[in-house]
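Peer 1: One-letter residues, chain by chain:
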Amino acid sequence: MIRRDYDVVVVGSGAGGGTVAQELAPLVKDGVRVLVLEQGPRLADAEFTGRELEMADALYEDGGAFLTSDGAMTLAFGRALGGSTVVYTGTSLVAPERVIRGWAVPGLEHADVARRSAKFAAQNDVHLLEPDLINDNNRLFVEGCRAAGLAAEQFPLNVKGCKGSSLCNLGCPNAAKMGTARVQLPAAQSAGVQIVTRAEVLSIRDHALSVVVRAGREGEKGAPSEWEPGQYEVRARVVVVAGGAVGSPALLLRSGFGSRLPALGAGFTCHPAHILVAEHERPITNDVGHPKSYYLDRAAAEGYVLETCMYFPFTTAKNLTGFGPAHGALMRAFPRLQMILVLACDKAVPGNRVGVDRAGKPVVHYRFTPQTVEALVRATRTSAKIFFAAGALRVHAPSADPPLIERRDAGRVDALVAARHFRTGKVSVSAAHLMGGCAMGSVGEVARSVTDAWGRVHGVPWLRVADASLFPDSLEINPYLTIMALADRVAEGIRSEARDLLGAGDVRS
Amino acid sequence: MHDSVIPTVRPLFRALATTFVPEAASLDERGWAEAEQIVAEFLAGRPAGVRRQLTLLLRLLDFLPLLRWGRRFRSLDAAHREQFLAAMQDAPLLLLRRGVWGVRTLAFMAYYARPAAAAAIGYRADPRGWEAPGRAAPGPATPRRVAGS
Ligand SMILES: Cc1cc2nc3c(=O)[nH]c(=O)nc-3n(C[C@H](O)[C@H](O)[C@H](O)COP(=O)(O)OP(=O)(O)OC[C@H]3O[C@@H](n4cnc5c(N)ncnc54)[C@H](O)[C@@H]3O)c2cc1C
Chain E
1 MIRRDYDVVV
11 VGSGAGGGTV
21 AQELAPLVKD
31 GVRVLVLEQG
41 PRLADAEFTG
51 RELEMADALY
61 EDGGAFLTSD
71 GAMTLAFGRA
81 LGGSTVVYTG
91 TSLVAPERVI
101 RGWAVPGLEH
111 ADVARRSAKF
121 AAQNDVHLLE
131 PDLINDNNRL
141 FVEGCRAAGL
151 AAEQFPLNVK
161 GCKGSSLCNL
171 GCPNAAKMGT
181 ARVQLPAAQS
191 AGVQIVTRAE
201 VLSIRDHALS
211 VVVRAGREGE
221 KGAPSEWEPG
231 QYEVRARVVV
241 VAGGAVGSPA
251 LLLRSGFGSR
261 LPALGAGFTC
271 HPAHILVAEH
281 ERPITNDVGH
291 PKSYYLDRAA
301 AEGYVLETCM
311 YFPFTTAKNL
321 TGFGPAHGAL
331 MRAFPRLQMI
341 LVLACDKAVP
351 GNRVGVDRAG
361 KPVVHYRFTP
371 QTVEALVRAT
381 RTSAKIFFAA
391 GALRVHAPSA
401 DPPLIERRDA
411 GRVDALVAAR
421 HFRTGKVSVS
431 AAHLMGGCAM
441 GSVGEVARSV
451 TDAWGRVHGV
461 PWLRVADASL
471 FPDSLEINPY
481 LTIMALADRV
491 AEGIRSEARD
501 LLGAGDVRS
Chain A
1 MHDSVIPTVR
11 PLFRALATTF
21 VPEAASLDER
31 GWAEAEQIVA
41 EFLAGRPAGV
51 RRQLTLLLRL
61 LDFLPLLRWG
71 RRFRSLDAAH
81 REQFLAAMQD
91 APLLLLRRGV
101 WGVRTLAFMA
111 YYARPAAAAA
121 IGYRADPRGW
131 EAPGRAAPGP
141 ATPRRVAGS
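In order, the protein sequences belong to chains E and A. Heads up: the first sequence begins at 1 in my numbering, then just goes up one per residue. Heads up: the second sequence begins at 1 in my numbering, then just goes up one per residue.
So that you can see chain A by itself, here it is in the shape it has in the complex (with noise of 0.2 Å):
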């Protein structure tokens, strides 16, 4: 899957999902690959523009904080790196709020999307429902009809 986005800011990327999703830190390289697919088919469906706007977003949450801090978001710490971007969605511009909302979406997906992930947060939706391995049978069923009220 051909990605333009990912490849380009990948350690910022990387610095800024593990402040969405601090577990993402403990992600193994297999784990990040995964996680950066999810996010690369996902966005092979969405318009050039989307992704272009996208990169340049995510430069624009890399340098922003050097007017405050006088490093960029990659070489914060992480505390600072949270205080930015809670600060960030607080913003007075919706441009700017909205902006995080979708990168912190995006890493969202990448961490959450993965079964590894479902299945450590104890997630276990089951096409088979009740009559999965582990869940609790129902009684038999006799259902009550009524005329669409």
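So here's chain E without its partners, still in its complex pose (with noise of 0.2 Å):
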């Protein structure tokens, strides 16, 4: 077992981890020693290829194939340095203002998300792309929109000098989508932060980490970890946790907070979503140009999002219901295909939450309230609308039996389109945007929440939370700004109190 000592740890590089790192570098120069563990790998830029398999393996947990513990949903989530933002599509939302009001959390404003996303998009590049790259496929969805008499909205993006690839969530092959392996991390460690790769935390106990740096497989992607591969104890005067929705829950955890925070795990949400594809008479421009440049935010009045997307043939395969040869006869139709996903806006309820098998892995217990199903279900109506009046030929909609409609029946959609064939395990539905599971609350309130608006565990000041785990129920957009805002006020909190928690001057740049 090898010791190292550090002042400040911060517990993964995402949205949330990757924020604290950066600010919390103006620290260093006074002498104060932060360190980021990832376990994830750091690639080169020329080992993004956007080839499919290959890229899921490298960058997502289980090669993106982790589901809920009853099988019927996938989650999708980054296992890389820059976590989830490596293979975000960059669409960057502020959180709405009812929507913060009604997570009640003490001391928390939308007033001030606003101002830190606002920092964030600035830091990011965050911009509306220029018309001439908007491809078929999102032209098509504004254009079926305005026919069925909705207004989409186009969302800011964070690229810079994005060719349109359309791989995004392969991780960008152009180095061009402004996640935190590009920006936030790059900053920290140029101004004196250490990161280590391939290093996953066991286990935080009294300001311990227990902590396993792996040699990378054979063939793997990604260079090997700055430390040498082997157990370590990494001693911290203050531990941020910032493993994303399902690793930090898991983490804290399997490190026994659970019976002083009853809450842990709890209140666990992630807008689950299907992949809507419809089929048009000629082909389109779909896999290229950005893949998501368009949404309708119907969250308020009917319980979700539309986005336009655009996927890869496996996953497009595989979240089609159905087999044989009325799904092939789709697939070779992907020249003309245009894509629709669309999310619901799932509440946090009992039931829902993340906890731990025997061996410390995380398990997600996730069922669908009718409610979220219903959600689904409005959702994919008003999606065979638009694809309709863009004029597609017919709608491949999950929640009809048969999945095809033709356009002879656009005018019946509302009765196709149904709860009922909405059957867990045989179709499919997989959610990119997890959250709860740490969430803030009152000060001290241990049997509702696990941390204050500041992102401090209850009872145990030298601990913190940092990432999508705070939300204390679902944002009801797409997440990442939101995130990085809660995890700029946990660093300054830290750096506001650093003269009792490290020793060190009250920095508050």
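Hint data in this document are derived by calculation from the structure and do not stem from the laboratory. Every residue gets a Cβ at the ideal spot worked out from N, C-alpha and C, and that includes glycine. Possibly wrong hints are sitting among the right ones.
[What the hints assert, rightly or not] According to the in silico footprint, chain A covers these stretches of chain E (three or more CB under 8 Å from chain A):
#1 167-178
#2 231-243
[As the list claims (entries may be wrong)] The calculated EDC-like cross-link candidates involving lysine to aspartate or glutamate, where the alpha carbons are at most 20 Å apart (straight line), are:
#3 E:K361 / E:D62
#4 E:K160 / E:D132
#5 E:K160 / E:E130
#6 E:K119 / A:E41
#7 E:K221 / A:E41
#8 E:K160 / E:D45
#9 E:K361 / E:D132
#10 E:K29 / E:D5
#11 E:K160 / A:E41
Given two chains presented individually in distinct reference frames, assemble the corresponding complex, making use of the accompanying hints.
Peer 2: In structure tokens:
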């Protein structure tokens, strides 16, 4: 066992961890030693090939095949330097005022979240894609919405020099996406923050982290770890847990914090999503151009959001319902396919939670509530209408039986798409916006929350949480900017308490 | 790559895969080898328990048709295979539905993750994006800035 000493250790390097690393970096010049431990690898630019399985295997937890405990939903989340921001699509939205108000976390104001989100939007080069870079898949969504009497909105995106590879979810092959591995982590590193990859934190006990550093498998992508493979004990005065909505609660549960924090792991939510596909008569540009430039926000009114999207052959095949000749015919229509991702705004409910198995591995227990299923069904009906209004010949809707709806039946969409056809285990549902598990709440209120509004774990002053697990309920929009805003608060809290926590000066830059 | 699943159930796996993806019937031995290698690599990264469960599930799917048609899955004709798997994906037991979903996913992975299949369906995504040959070049870039709204 090799021992290392630091002042602050950040676990995880995604939207939360990468932000904390950057925002704590000013402390380094005062002699504070800051370390980021990331279990995933650091990939070189040339290793982003855009090849589907190869990149999924390199960048996602479980190669992208992580399932909820009953096997009914796939959860997609990153495992690499930069976390899920390596594979996210870069849509950059500020949390809705009504959602932050609804969370009712004492000390958390929407204006503060919005101000900090704007700071990171500017840092990440967030802008609207110019009209001549919008492909047909996105254009048809806007036109379909307009024809159906709905107002699509354009997504602000955090890309710089986007070439339109459409491969965002396999990691940008052109280094154009401004995730934490491109922006915040390099800034932190050049200010003296140390980053160690392939370093998994197994448990945390009383200022000590048990860490295993692994060598890569033969032929695996990514640089070797910055540390020699082996077992480490890393001691820290402050530990910031930012392993994501699955990783953070799982780490704290296997570290034994569950007994003093009964809310740990509870309140998991995730925007369950279907990929819907429609076939047009003629080829459209779909697998070139940024895949996600527009959305339709029906969260407040109807509990769902529609987003443009475009996926890869295997992902598309897997997400269509059914099999056989009809499935194959749709796959062969690939150059003519338009796609919409429908996301339901599920609520945190008892029973949906993160736990750990006997080996300490995360297990996510999740059941679809009738409200979530209804939201998916309403979203599917609206999408089908948008597809047909955009001129589609047929629409593939998972909660219709049979799933293919022909144009002659466009007027019967409301009857054909129904909750009774949503059969768990048969329809493909996936989620990439994972939230909750270490909910923020009132100071010391252990029955219902894990931290206060600054990510301070109740009763454990040296332990902080700074990622999507802080969300006390669904955000109802794409979450990364809000995660960065919350992580920024956590870092500010540590800086302002630096004298007590670290014996360093009060640094509020 | 060591694979403890496919070699033990190869004919059955191929019978299932061609039912899920009829196009797979036209694969030659090299095509099958490539498809099975993809699955083998994926399974090699999964825990041993998952591989054991999968082998059991595949055998179950082979034997279940005996109850209805007196024949194993492998011995059914194409129409009955399709009918059986369609019934299984609607089975009252979630365990069976998700089991079929899982095998279906492996079949799609085997077939569609091959570059030849991607090309055959007309998938053309290229890291060079708009700059790839045959893609319309976009106009000059003048990004509009917004403050994270
Ligand atoms: C495919 C996809 C597309 C998305 N698109 C968008 C989008 O367009 N817009 C948007 O706003 N959001 C998007 N998201 C969601 C967004 O990326 C995530 O919400 C966000 O990155 C979560 O931040 P996080 O810090 O909570 O976790 P992550 O970013 O997932 O980072 C957690 C990191 O911690 C590491 N870790 C976990 N446990 C340990 C441990 N014990 N030891 C060491 N390291 C550990 C993990 O390996 C991981 O790298 C997308 C997500 C995915 C998967």
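Peer 1: Against this structure, judge whether each hint is valid.
Peer 2: Evaluation of the provided hints:
Counting residues of the segment 167-178 of chain E whose CB lies closer than 8 Å to any CB of chain A gives 3, so the stated coverage by that chain holds, three being the minimum. Counting residues of the segment 231-243 of chain E whose CB lies closer than 8 Å to any CB of chain A gives 0, so the stated coverage by that chain is violated, three being the minimum. Restraint check: the Cα-Cα separation between K361 (chain E) and D62 (chain E) comes to about 12 Å, which is no more than 20 Å; the hinted pair holds. Between K160 (chain E) and D132 (chain E) the alpha-carbon distance is near 16 Å, which keeps this suggested pair within the 20 Å criterion.
Distance hint between K160 (chain E) and E130 (chain E) is fulfilled; the C-alpha atoms sit about 12 Å from each other, no more than 20 Å. The straight-line distance between the Cα atoms of K119 (chain E) and E41 (chain A) is roughly 43 Å, outside the 20 Å bound, and the hint therefore fails. Taken as a hint, the K221 (chain E) and E41 (chain A) pair is honoured in the structure, with Cα atoms around 15 Å apart against an allowance of 20 Å. Taking the CA atoms of K160 (chain E) and D45 (chain E), the gap is near 15 Å; set against the 20 Å cutoff, the hint holds.
At roughly 46 Å between alpha-carbon atoms, K361 (chain E) and D132 (chain E) are farther apart than 20 Å, so this suggested pair is violated. A hinted pair counts as satisfied when its Cα atoms are at most 20 Å apart, and K29 (chain E) with D5 (chain E) qualifies at roughly 17 Å. Proposed proximity of K160 (chain E) and E41 (chain A) is contradicted: the alpha carbons are some 35 Å apart, above 20 Å.
Hint check: violations occur at hints 2, 6, 9, 11; the rest are consistent with the structure.
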